[in-house]
Structures are given as structure tokens and as C-alpha cells.
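Top line first, the protein sequences correspond to chains B and L. The first sequence begins at 39 in my numbering and counts up by one. The second sequence begins at 39 in my numbering and counts up by one.
Keep in mind that a hint or two might mislead.
Any copy will do: because identical chains look the same in the list, a pair fits if it lies in one copy or spans two.
With a straight-line cut-off of 27 Å between C-alpha atoms, the simulated DSS-like cross-links for lysine-lysine are [unchecked claim]:
no. : residue 1 : residue 2
1   : K126      : K100
2   : K54       : K265
3   : K327      : K265
4   : K144      : K126
5   : K84       : K54
6   : K100      : K84
7   : K105      : K54
8   : K105      : K61
9   : K84       : K61
10  : K265      : K61
Calculated directly from the structure, the hints in this document are not laboratory data.
There are 2 protein chains.
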Amino acid sequence: MRRALIIGAAGMIGRKLTERLVKEGGLDELLLHDVVAPRPPQASFKVRTMVSDVSSPGEADKLVASKPGLIFHLAAIVSGEAEADFEKGYRINLDGTRLLFEAIRKAAYRPRVVFTSSIAVFGAPFPEAIGDEFLNAPLTSYGTQKAIDELLLADYSRRGFFDGIGLRLPTICVRPGKPNKAASGFFSGIIREPLAGQEAVLPVPKSVRHWFASPRAAIEFLLHAAKLDTAQLGARRSLNMPGVTATVGEQIEALRRVAGEAAARRIREEPDATIMKIVEGWPRNFDAKRASALGFRADASFDDIIRIHMEDELGQRTPAPQRGRG
Amino acid sequence: MRRALIIGAAGMIGRKLTERLVKEGGLDELLLHDVVAPRPPQASFKVRTMVSDVSSPGEADKLVASKPGLIFHLAAIVSGEAEADFEKGYRINLDGTRLLFEAIRKAAYRPRVVFTSSIAVFGAPFPEAIGDEFLNAPLTSYGTQKAIDELLLADYSRRGFFDGIGLRLPTICVRPGKPNKAASGFFSGIIREPLAGQEAVLPVPKSVRHWFASPRAAIEFLLHAAKLDTAQLGARRSLNMPGVTATVGEQIEALRRVAGEAAARRIREEPDATIMKIVEGWPRNFDAKRASALGFRADASFDDIIRIHMEDELGQRTPAPQRGRG
Chain B
39 MRRALIIGAA GMIGRKLTER LVKEGGLDEL LLHDVVAPRP PQASFKVRTM VSDVSSPGEA
99 DKLVASKPGL IFHLAAIVSG EAEADFEKGY RINLDGTRLL FEAIRKAAYR PRVVFTSSIA
159 VFGAPFPEAI GDEFLNAPLT SYGTQKAIDE LLLADYSRRG FFDGIGLRLP TICVRPGKPN
219 KAASGFFSGI IREPLAGQEA VLPVPKSVRH WFASPRAAIE FLLHAAKLDT AQLGARRSLN
279 MPGVTATVGE QIEALRRVAG EAAARRIREE PDATIMKIVE GWPRNFDAKR ASALGFRADA
339 SFDDIIRIHM EDELGQRTPA PQRGRG
Chain L
39 MRRALIIGAA GMIGRKLTER LVKEGGLDEL LLHDVVAPRP PQASFKVRTM VSDVSSPGEA
99 DKLVASKPGL IFHLAAIVSG EAEADFEKGY RINLDGTRLL FEAIRKAAYR PRVVFTSSIA
159 VFGAPFPEAI GDEFLNAPLT SYGTQKAIDE LLLADYSRRG FFDGIGLRLP TICVRPGKPN
219 KAASGFFSGI IREPLAGQEA VLPVPKSVRH WFASPRAAIE FLLHAAKLDT AQLGARRSLN
279 MPGVTATVGE QIEALRRVAG EAAARRIREE PDATIMKIVE GWPRNFDAKR ASALGFRADA
339 SFDDIIRIHM EDELGQRTPA PQRGRG
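Sequences and hints are given; from them, build the entire structure.
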């Protein structure tokens with residue numbers, strides 16, 4: 039019985055991953071879990087939806103009662119909310135994850151667990167490009183919670199309770215739909231809003247550099263992680279995913295190239311000291327050697343990241359994006 | 039009211055720290071806590087002892103009810119036991135620490151918290167000497183728990199709930215008294231037993247290199263951490279303590295120099311594959327730049343580490359040890 043479980047299935051990544059798994063086929067059952075009801079897709083296999091708070095006692099045990107062999111754990115509250123609500127952040131992002139890991143341990147089987155971590159596990163000061171052996175020194179409660187989850191993932195895997203892999207996703211860009219509470223929202227907003235004919239606010243200087251992956255690249259990371267031979271990971275179970283480094287200025291130049299001058303003019307600079315202070319502590323660039331050697335592939339350029347948004351979200355045909363080499 | 043609290047006061051470091059605080063004076067009250075009753079010393083100030091399991095609900099709150107301005111958190115179960123008993127390790131070393139941090143947060147004051155972490159937060163493969171920005175990739179549950187505690191310490195400090203500092207202690211050598219359940223026990227045993235006229239077993243090859251500090255140096259680290267201006271730490275609240283790097287062969291040579299050939303002959307080699315496997319994953323050498331720059335001082339040599347044991351534990355006079363430069 040090939041059974042997969044997605045925790046956090048109603049979120050943006052969860053929905054795209056669901057679509058992709060449905061298209062790929064090859065499962066007997068897919069379990070979709072979130073705190074709000076995930077929309078069940080039309081699929082050639084059985085799909086079950088489950089709604090609960092995974093941080094409530096006993097709920098995590100229900101998720102693994104049917105012993106799904108593949109678990110994607112995507113559920114988290116975002117950085118802005120975890121910073122604003124200390125207790126909720128620890129309850130969902132730490133306790134929820136630990137309860138899930140404990141439930142798997144007690145169910146006494148050994149599924150593959152693919153966990154979405156974040157580059158927020160890193161904090162300034164940084165080297166020019168962050169390597170695979172750079173320390174986790176998060177500057178937010180969200181980053182702290184993800185770093186702790188990674189440590190648990192590695193120890194539970196070492197102990198043989200499950201076979202875990204953690205993916206430190208770049209900032210996903212262009213994030214479709216409405217802005218969420220993440221302080222990183224503007225990185226997508228300054229592309230998404232102009233492409234939709236709307237004005238976007240830029241709260242930081244154009245010199246700010248950051249690290250990006252398209253939603254499409256992120257889904258490929260998750261699928262690759264699900265199939266990877268984890269013996270190659272040794273004890274270090276979390277990986278910096280490859281991405282595209284770009285300044286905000288370079289993002290805007292790419293928008294101008296791909297969508298024209300009119301789009302680029304819809305960005306209004308409106309400096310916000312609070313957001314700037316948060317962003318200053320964020321990674322700008324990585325040397326993602328390990329993940330690249332393990333076959334994870336980045337987008338080819340920021341131009342392609344924009345084209346992927348136009349194709350996948352706006353239904354526009356663009357020249358085919360190139361697959362990058364990490 | 040100058041009130042200090044030692045959690046883990048009945049352990050070796052706790053007892054020596056208590057002695058030192060009593061000798062130094064300058065307190066109004068000292069609270070000594072452990073799971074077994076700490077022996078209260080004769081002191082010029084008030085001493086209170088408290089016995090409880092800090093991982094039991096409500097107990098941590100009692101510890102901080104009197105709002106001690108200085109808290110030494112030394113309590114932990116050791117590496118061997120945390121590896122043998124998964125649930126107990128997480129309960130004491132993770133939940134106990136988190137409950138303490140939560141109790142301080144809820145008591146709404148801002149004490150200095152000095153936390154003893156460990157070089158077990160690091161795992162092989164290593165660079166020649168581990169620097170201040172090397173990743174935490176523990177290979178034991180104990181190391182995992184300490185690394186998680188460090189992340190919590192940093193986040194609670196960043197949030198302003200307390201003013202924390204974590205000390206990654208080298209392996210304490212020569213540890214007095216009977217062997218404990220730590221897999222590192224033989225590093226002390228091969229010095230302590232021969233000095234007491236007894237045979238010692240060496241379970242690893244003489245080429246094994248490790249990182250050491252005397253109990254006396256460890257107490258000085260704790261006192262220095264209690265007084266340090268933590269503004270110098272920034273967000274990175276845990277430090278690799280300076281130490282002495284030595285192979286087991288160099289330990290034995292030092293023993294020969296300090297205590298003579300007869301002592302060195304009392305070591306019997308008896309290879310133990312299990313211990314060797316654990317020790318292979320341990321750090322061998324550090325470049326403890328940050329801690330040295332902040333005024334933490336190592337022992338001058340392994341010879342001095344032996345002399346300190348002879349003076350402090352065996353009441354023997356030896357040529358005065360030199361203070362090292364980290």
C-alpha cells in the first residue's frame with residue numbers, strides 16, 4: 039500500500055504538491071491534513087482529508103495511525119506570526135512537530151519524513167555565501183523553532199525512528215495569491231502585483247540581496263527528497279536548497295525584461311524601518327554544494343522565476359525556462 | 039538582595055561552584071537545587087536547599103519564585119544515560135530546561151542565566167580545529183538536547199526574558215570520585231586511578247585526541263560568565279570554551295612526567311569497540327577565539343591539569359600551575 043500524508047496540505051506549497059502527486063499517480067492513498075479543510079482533488083487514487091490541530095494531544099497519533107510510508111511535514115505558522123505570538127509559535131512550530139515525531143516513534147514503523155525548514159535558521163553576520171557547515175544562529179523565534187525541529191529530525195533519524203530529510207527552502211518567489219504575514223512578503227509582491235496591473239510597495243532599498251526559488255522548484259525539491267537515497271546524507275539530515283541570489287534591483291530589472299517597463303513602474307518605494315531591520319538579519323547568498331551534489335536543482339535565473347509565475351499562475355505562455363544547475 | 043540559584047548543585051561542578059561562591063562571599067542568599075539533596079555548606083550568608091524534579095509540572099516555578107538574579111543551570115543527565123534512555127534524556131535535558139526558561143519568562147524579571155552546554159553539540163566530520171562558526175551536528179541524543187537548549191537560551195535572551203550565556207565545556211578532566219555513566223569517563227580514569235595506586239582501563243587507542251579543562255578552570259568559566267558584559271555576545275549566546283588538546287598518549291606522557299613511571303604503568307589497554315565508536319564522533323580540537331577574546335582562560339597544559347587534581351583532590355603540593363592564554 040503506497041500511502042502518502044501531507045501535513046499543511048491547505049497551504050500554498052501543500053496545494054501545489056497535492057496537484058503534482060495527483061498528476062504523477064503511483065499512490066494508493068493520499069491523506070491531506072491541515073487546520074482548515076484542504077480541498078480534495080480529483081485523483082485516480084483514494085484521497086482522504088483530515089482537519090485538526092496537530093499540537094493538540096492525541097491528534098498526531100491519528101495522522102500516523104494508518105502508517106503512511108511517506109510524510110511531507112509542511113505545517114508551520116510563518117515568521118511574522120511566530121514573532122508576534124511567542125506561545126503560539128512554539129506550540130505549533132516546535133510542539134506540533136515534536137508530537138508528530140513522537141507519534142511516528144510510538145507507531146514503530148520507519149516512514150520517510152520530508153520536512154520543510156527554512157533559511158531563517160541562519161542569522162547575520164554571514165560570510166559572502168553561506169556554506170554547508172555554517173552555524174545555525176537564528177534571529178527570529180521562527181528560525182529558532184525550525185532549527186530545533188531540524189535537530190530533532192536528525193536525532194530521530196539517527197535512532198532509526200524514521201528516515202528524515204530537512205529542506206531549508208529559499209524564500210519562495212513569486213508566491214501566488216494574497217500576501218501572508220511573512221515579513222518577506224514584499225519580495226513576491228513587487229513582482230506579483232505589477233504583473234496583475236496593480237501597484238506594489240517596496241519597503242527596503244534596492245541593494246538588499248536575497249535567496250529565491252520558484253514554487254515549481256520547491257515542489258521538485260520535495261519530490262526529489264521523497265525518493266533520495268538518504269544513506270548519502272549521513273547524520274546531517276538538513277540541507278541548504280540551491281536557489282537564485284538577486285538584489286531587489288536585479289528583481290526589478292528582470293521584471294522589466296520579462297514584462298516590460300510599465301510593469302516595473304508599478305513599484306513604489308516606501309521605506310519601512312521595521313521590515314528593513316528584520317531583513318538585515320537574513321541570508322543573502324549560499325553555496326549549496328551538498329544539495330547540488332545530491333541532485334537538487336535551482337531555477338536558472340530570476341527571469342525564469344518570473345516566467346514560471348506567469349505560466350503557472352496567470353496561464354500565460356512564455357519562452358520555456360531553462361533548468362538550472364544549482 | 040543578591041540571590042543566586044544553582045540547579046544541579048549536588049553534582050561535581052555544582053559542589054565545587056558552591057564551595058567557590060561560599061569562599062568568595064558577596065551573596066545574601068544561595069539556593070541549592072538538585073534531584074538529590076545538596077549538602078549545605080557553612081557560609082557567611084543564608085543557604086537554602088531544594089529537592090525536586092525540575093521536569094515535573096510546577097517545580098521550575100518554585101525555583102524562581104524568589105527571583106534569584108543569578109541562575110546557574112548545570113542539571114543534566116549524562117551522555118551515556120541519555121543515549122540509553124531516550125525518553126528520560128528528552129524529559130530531563132530538554133523539557134526540564136524549557137520548563138525552567140518558561141518559569142523565568144512567566145516570573146517576568148530578567149536574571150543572568152549561565153547554562154552549561156557541551157562540546158557534544160558538535161559531530162564528525164570536523165575541521166582540524168573547530169571554529170566559532172562551525173555547525174552543531176550532534177551525534178548523540180545528549181548533544182541534540184544541549185544544542186536545542188542553546189537555541190532556546192538564545193531566543194529567550196533575544197526576546198529579553200533573561201540574560202543568558204551558554205558555555206560549551208570541554209571534557210572535564212580529572213573528574214574526581216567514582217566513574218559516572220559518561221562514555222568519556224576513561225579520560226579521567228586513566229589519570230585518577232593510577233594516582234590513587236589503582237589500575238585503570240584504557241578502551242581506545244593512544245592516538246585518540248580530545249579537548250580538556252580541569253574542574254578548577256570550569257568553575258572559573260562559570261564565575262566569569264556570571265559577570266561578563268553580555269552585550270559583547272550579540273545574538274550568539276553560546277561559546278566554545280578554551281581548553282587543552284591532548285592525545286591519550288600525551289595524557290599518559292604527562293602522567294609519567296608529573297607522577298612517575300610507576301603511575302603510568304598502571305594503565306591497561308583493553309580496546310572496547312562500542313566506546314571507540316562513540317569517541318570517534320567527538321571533537322578533538324578547537325580554535326576558541328571568541329571565548330578567549332572575552333577573557334575565558336584555559337589550563338596551561340595537561341601536566342597542569344594533573345597537578346590541579348593532585349592539589350585540589352589529593353591535597354598534594356605541586357609546583358604552581360601556570361594560567362594559560364586560551
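Earlier hints that do not hold, by number | Checked against the structure, no hint fails, so every one of them is satisfied.
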